[in-house]
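Sequential numbering of the sequence shown, starting at 125, is according to this note's numbering.
Honestly, the hints are just simulated from the structure, not real lab data.
Treat the hints with care, as some may be off.
To be verified - So the derived label-pair ranges between C-beta atoms look like this:
# : residue 1 : residue 2 : range
1 : Asn407    : Val431    : 15 to 23 Å
2 : Ser273    : Thr373    : 45 to 53 Å
3 : Thr276    : Tyr427    : 34 to 42 Å
4 : Trp183    : Phe323    : 25 to 33 Å
5 : Ser391    : Trp183    : 38 to 46 Å
6 : Tyr347    : Thr275    : 18 to 26 Å
7 : Asn426    : Ile368    : 17 to 25 Å
Please read these numbers as outputs of a predicted model, since none were measured by experiment.
Where is the CB? At the ideal position from N, CA and C, for every residue including glycine.
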Amino acid sequence: MHSTGGRSNGKLLPRVRCVRYRIRVKIVLLVMLALLGEGSAGWAVAAEVEGPPRPSPQWRVNAMVNYSSGSYGTDSKTNIVYAPMTIRRIFRDGDVSLTIPFISISGTGAVRLVGGVPTRTGSVSGGTAGTAGGRAGRGKSPGAIPLSSSTTDSGLGDIILRGRYYVIEESTILPLIALIGKIKFPTADADRGLGTGEFDEGIGVELTKSLSDRWLAYLDGGYTLIGDAPGTDFRNQWWYDVGIGYDVTDHVHMSVFYEEYRALVTSVNNARDLLALANYIVNDTVRVTGSALVGLSNGAPNYGFGVGVRLQF
């Protein structure tokens with residue numbers, strides 16, 4: 125469990141800096157494993173192939189627009205538009221992706237995006253929740269007292285680099301298992317409430333298992349080191365989701381997930397929600413996605429929805 129004992133005046137002690145450095149190195153190594161997988165035989169390659177093999181898609185480009193709204197336990201609503209574009213390079217044993225988002229947030233500064241997830245980071249009555257006393261005055265920066273009324277700010281969000289490496293192929297007993305690592309770069313303007321202004325590093329695992337010809341089960345989980353902005357003392361974050369999917373037809377896949385994210389501040393409940401996804405395969409190149417979300421705690425938005433398109437070539 126994360127402890128505030130390893131922090132002093134919002135700055136990481138040498139031991140904590142060393143831990144964060146090792147996490148970043150491991151994530152870079154995970155990305156390199158995915159890159160090296162391109163030249164290996166790979167578990168996904170069939171032992172025998174009749175005729176010339178058909179080239180697999182090597183690139184995917186996703187464009188999404190997500191909208192969410194909620195009070196997050198405060199007296200005012202925060203409305204968020206999150207529109208990420210993700211460029212993913214596919215290899216035999218994994219993939220590497222870069223997500224570049226545009227965001228627009230209408231609120232008081234108590235809620236901001238952390239790794240693409242709407243997250244309560246401030247209190248109503250003073251300072252950033254869970255700190256020893258944030259910055260003086262009101263504003264949208266992470267350590268300030270939230271504004272008394274909502275304002276709208278838009279711009280570039282935090283860029284995310286993510287790597288995934290498949291370590292175990294699905295079998296009769298075992299699920300497909302993949303290791304994931306990600307780094308969030310502080311490219312969003314923290315003073316306008318668009319991000320925290322700090323690096324985050326995370327690792328995790330993804331499990332997928334076929335239950336029948338049309339049913340799939342999902343289980344993902346991970347842990348993220350959250351960077352502390354001046355005047356804050358955010359907790360590190362564990363997260364997980366569990367879901368089930370069904371192939372309605374050869375072109376339509378539906379899935380439902382229960383998600384939970386540990387709150388960054390002690391005065392807020394963990395974010396819990398139900399997420400429903402629908403994917404429609406138009407052809408070998410184009411896929412369309414729709415989503416709907418319902419919050420189950422005051423750490424999550426009340427509701428949200430999104431649409432997107434994916435191109436692969």
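Hint check results:
1. With their beta carbons about 18 Å apart, Asn407 and Val431 fall inside the hinted range of 15 to 23 Å.
2. As the Cβ distance of Ser273 to Thr373 is approximately 49 Å, the hint placing it in 45 to 53 Å holds.
3. A beta carbon spacing of about 19 Å between Thr276 and Tyr427 contradicts the range 34 to 42 Å that was offered as a hint.
4. The hinted window of 25 to 33 Å between Trp183 and Phe323 holds, with their beta carbons roughly 27 Å apart.
5. Ser391 and Trp183 have their C-beta atoms about 44 Å apart, which keeps the hinted 38 to 46 Å range intact.
6. A beta carbon spacing of about 33 Å between Tyr347 and Thr275 contradicts the range 18 to 26 Å that was offered as a hint.
7. For the pair Asn426 and Ile368, the supplied restraint of 17 to 25 Å holds, since their beta-carbon distance comes to about 24 Å.
Comparing the model with each numbered hint stated earlier shows that hints 3, 6 do not hold.
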